[in-house]
Amino acid sequence: MNLKKVKESLNLEVIAGYNEEDKEVDGAYIGDLLSVVMSSANENNIWITIQTHLNIIAVATLVGTSCIIVAEGMEIDEETIKKANEINMPLFRSNLNSYRIACRLNDLGI
Amino acid sequence: MSHSLIKLEYEILENDFSRAGEASSNMKKMLTHLGINSKIIRKAAIVTYEAEMNIVIHSKGGKIFVTVSPECIEIVAKDKGPGIKDLDLAMQEGYSTAPNDVRELGFGAGMGLPNMRKFCDDFEILSSEGNETCVNMKIYLK
Chain A
1 MNLKKVKESL
11 NLEVIAGYNE
21 EDKEVDGAYI
31 GDLLSVVMSS
41 ANENNIWITI
51 QTHLNIIAVA
61 TLVGTSCIIV
71 AEGMEIDEET
81 IKKANEINMP
91 LFRSNLNSYR
101 IACRLNDLGI
Chain B
1001 MSHSLIKLEY
1011 EILENDFSRA
1021 GEASSNMKKM
1031 LTHLGINSKI
1041 IRKAAIVTYE
1051 AEMNIVIHSK
1061 GGKIFVTVSP
1071 ECIEIVAKDK
1081 GPGIKDLDLA
1091 MQEGYSTAPN
1101 DVRELGFGAG
1111 MGLPNMRKFC
1121 DDFEILSSEG
1131 NETCVNMKIY
1141 LK
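Going line by line, the protein sequences match chains A and B.
According to the working numbering, the stretch in the first sequence is residues 1 to 110, in order.
According to the working numbering, the stretch in the second sequence is residues 1001 to 1142, in order.
Heads up, none of these hints are tricks.
Only pairs whose alpha carbons sit at most 16 Å apart, straight line, appear in this in silico EDC-like list of lysine to aspartate or glutamate:
id	chain 1	residue 1	chain 2	residue 2
1	B	Lys1138	B	Glu1124
2	A	Lys82	B	Glu1022
3	A	Lys5	A	Glu24
4	B	Lys1043	A	Glu43
5	B	Lys1029	A	Glu43
Because the hints were derived from the structure by calculation, they are not lab data.
If you're wondering where the values come from, they're calculated on a predicted model, not measured in any experiment.
Bound-form chain A, shown alone:
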């Protein structure tokens, strides 16, 4: 599945770094403790988190996630948005909580 389908189906708000609609997504991971995300998330996962500070971009890059979805409509730091644009890491936001987002992804077959 590609990122465009996920974005449209979940009606995600585009925050930054969304330049590649065809980017492949494979599975999802929910986590807010960065060390645990680093060791457990997989490449091309959709990463759902409520963390919004700059370092999430580094973690997403290192893991190679396909995108980040910030849950619960959390406010996102300006620096994070800037960095996501700089390195083309798609950063989305949803008003749903992490569980609801995951359910919607599951409905999509992810």
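Chain A is fixed; fit chain B onto it per the hints.
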């Protein structure tokens, strides 16, 4: 006889969360260019990231040295102190001395050192209270 070596060196500053992760991201990029197996790159990225964050959160700053040889990737993280009081405790999953403001950002899960040991092939740490900490990690390419 002499094999080509690639050496990288990164300066890591105390409390510099704005640049945290840059050293490991840069290293990952370099290893990708070298065509190294993605599973090995992932291990190297995890241990370097954890080492980098530990220096940022817990130390007075330090350096990370990465050497890539045909046999292995060696990552050495060396800080300027203040050292670890109880190493056995620090190596336990979930044990953390990170302050609350740092934990709120998602750090300080007590997984840093355990992750480093878990994702490398050779792990050595030298530290004591009042002294520098040096972590030496190797990931074999074959």
